[in-house]
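So the sequence lines, in the order shown, correspond to chains A and B.
Here the working numbering is used: position 79 in the first sequence is 79, and no number is missing along the way.
Here the working numbering is used: position 57 in the second sequence is 57, and no number is missing along the way.
Derived from the structure by calculation, the hints contain no laboratory data.
Note that the coordinates shown come from a computational prediction; the quantities given were computed from them, not determined experimentally.
Keep in mind that the hints are not guaranteed to be accurate.
Claimed, not checked - Far from chain A by the CB rule (all over 12 angstroms, computed), these chain B residues:
#1 Leu17
#2 Arg79
#3 Cys82
#4 Thr84
#5 Ala85
#6 Val86
#7 Gln88
Claimed, not checked - Quick list of simulated restraints, FRET-style, between CB atoms:
#8 Arg18/B - Arg156/A: 48 to 58 angstroms
#9 Leu49/A - Pro3/B: 19 to 29 angstroms
#10 Val69/B - Arg98/A: 45 to 55 angstroms
#11 Glu36/B - Ser69/A: 14 to 24 angstroms
#12 Val69/B - Val192/A: 41 to 51 angstroms
#13 Glu36/B - Arg45/A: 21 to 31 angstroms
#14 Ala72/B - Gly15/A: 26 to 36 angstroms
#15 Gly41/A - Arg35/B: 14 to 24 angstroms
#16 Pro50/A - Val86/B: 38 to 48 angstroms
#17 Arg18/B - Val113/A: 39 to 49 angstroms
#18 Leu68/B - Val117/A: 26 to 36 angstroms
#19 Ser8/A - Val86/B: 55 to 65 angstroms
Claimed, not checked - One side only, chain B facing chain A, incomplete, derived with CB under 7 angstroms:
#20 Arg18
#21 Gly19
#22 Phe26
#23 Ala38
#24 Leu41
#25 Tyr48
#26 Lys49
#27 Gly73
#28 Arg78
Built from N, CA and C at the ideal position, the CB exists for glycine as well.
Below, each chain spelled out in residue letters.
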Amino acid sequence: MSAILVESIIRLWTGLYTKGLPPELGAERRAEVESDLWEHGSLWRERGLPGLTMQRFGRWLLGIPADLSWRLEQIGSRKERPEKVERAIKLPTTMVQRGIFGFIILLAGFFIVMGPVVLIGGGGDGWVERALWGITPIVAGSMILTGLYIINQSPRLGAGLLSGGAIIMALAWFWLFFIGIPVVIFMIWYGVSRARRVGSDRPPPGAAA
Amino acid sequence: MLPIELSLLEAAIELRLRGTAEFYGFMIATEVSEREGARLLTAYGTLYKALSRMEKAGLVESRWEDPLVAAAGLRPRRRLYCVTAVGQAALAKSAAAGRAVKPSLRSKLAPS
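Based on the sequences and whatever the hints tell you, model everything.
In structure tokens form, the structure reads like this:
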């Protein structure tokens, strides 16, 4: 796995989970992670230590739950939430909507759990195959969950991430097309319709808050 | 106090005893991993969430490094943390309560 790819994944992920926070708070977290990446790389190169990329990848992967819970704490701790954030945490109201929401979360959770299982116990596969088949579901699952989380706040980006994650999964497991294609269509439909609904709820530009 | 917070406080106090009063995220992650003999450094999310929670609780305080110092070192700015008196007292209390504080550190934890 390429060092640049892992660094980019970490930066992308940090950018995603700090999106929509007060600018100073988000910038501080991104700067701390950036400094950590630099220090880690610098020390490993100086000492000639091996495995920098896998160290960084492991640190990123194992920290995802803490990143997400930190993000949720930031929303919960703010007494006066801006309208954008209120929208981001608004949950579906009807039983059908809740069912669909829950199904997508379960599916994404399954992918995220499956990734490390493949990475650690990938049987006879080589290192590259294991990394590829382990990372793909983690990336796709994270895209789906992040898309779902931010869809009220950023409808286009949210729907794009949701659809992108579903497409990656369908392509990776193309031989399961009879299940994959309906699921992809369903998730794209859900993402687009939800993004449209959020968009139509928004006050027109220039309207008083 | 959570185990990760206890580990970070212990590592920070040991750094201080060795003459390093302030630490930054990567430095404390390295220190914790060396103390615990872990192969993997503390995960980004776990580390920075814990530091953020500890700062809110008043156990540590932080400041951003002078940009000129960082520029002179050709590297990004560090966020420098230091253990407060509250943090040191909390660690001493944990040690008194018999929690897993290193014996070598216990004798040095008298509140300042």
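Evaluated hints:
Consistency note on Leu17/B: stated as away from chain A, and its beta-carbon is indeed over 12 angstroms from all of that chain's, at 22 angstroms minimum. Not every Cβ of chain A is farther than 12 angstroms from the Cβ of Arg79/B; the closest lies at roughly 5 angstroms, contradicting the non-interface assignment. Separation of Cys82/B from chain A is adequate, the least Cβ-Cβ distance of about 16 angstroms exceeding the 12 angstroms criterion. Distance check for Thr84/B against chain A: the nearest CB is about 19 angstroms away, which clears 12 angstroms, and the non-interface claim stands.
The claim that Ala85/B lies off the interface holds: its Cβ sits roughly 24 angstroms from the closest Cβ of chain A, which is beyond the 12 angstroms cut-off. Residue-level check passed: Val86/B sits 20 angstroms from the nearest beta carbon of chain A, beyond 12 angstroms. Distance check for Gln88/B against chain A: the nearest CB is about 23 angstroms away, which clears 12 angstroms, and the non-interface claim stands. With their beta carbons about 52 angstroms apart, Arg18/B and Arg156/A fall inside the hinted range of 48 to 58 angstroms.
The hinted window of 19 to 29 angstroms between Leu49/A and Pro3/B holds, with their beta carbons roughly 26 angstroms apart. At roughly 52 angstroms, the beta-carbon separation of Val69/B and Arg98/A lies within the given 45 to 55 angstroms, and the hint holds. Between Glu36/B and Ser69/A the C-beta distance comes to about 23 angstroms, which sits within the given range of 14 to 24 angstroms. Distance hint for Val69/B and Val192/A: a CB-CB separation of about 49 angstroms, consistent with the stated range 41 to 51 angstroms.
For the pair Glu36/B and Arg45/A, the beta carbons lie near 24 angstroms from each other, so the given range of 21 to 31 angstroms is met. A C-beta distance of roughly 28 angstroms is found between Ala72/B and Gly15/A, which places it inside the suggested range of 26 to 36 angstroms. For Gly41/A and Arg35/B, the Cβ-Cβ distance of about 22 angstroms falls inside the hinted range of 14 to 24 angstroms, so the restraint holds. In this structure the supplied range 38 to 48 angstroms holds for Pro50/A paired with Val86/B, their Cβ-Cβ distance being about 40 angstroms.
The hinted range of 39 to 49 angstroms is satisfied by Arg18/B and Val113/A, whose Cβ atoms lie roughly 41 angstroms apart. Distance hint check for Leu68/B and Val117/A: the Cβ-Cβ separation is about 48 angstroms, which falls outside the suggested range of 26 to 36 angstroms. Range check, Ser8/A to Val86/B: Cβ separation about 39 angstroms, and the 55 to 65 angstroms hint is violated. Look at Arg18/B: its Cβ only gets to about 17 angstroms from chain A, farther than 7 angstroms, so that hint breaks.
This hint is violated: Gly19/B has a C-beta 19 angstroms from the nearest C-beta of chain A, more than the 7 angstroms allowed. Here the hint on Phe26/B is kept, as its CB sits about 4 angstroms from the closest CB of chain A, short of 7 angstroms. At a threshold of 7 angstroms, the smallest CB-CB gap from Ala38/B to chain A is about 11 angstroms, leaving the interface hint violated. With its C-beta approaching chain A no nearer than about 6 angstroms, Leu41/B sits inside the 7 angstroms limit, and its interface hint holds.
Hint status for Tyr48/B relative to chain A: holds, with the closest Cβ pair at about 6 angstroms, below 7 angstroms. Annotation: interface hint on Lys49/B holds; nearest CB of chain A at approximately 4 angstroms, less than 7 angstroms. The criterion of a C-beta within 7 angstroms of any C-beta in chain A is not met by Gly73/B, whose closest approach is roughly 10 angstroms, and the hint is violated. The beta carbon of Arg78/B comes within 5 angstroms of a beta carbon in chain A, closer than 7 angstroms, and the hint placing it at the interface holds.
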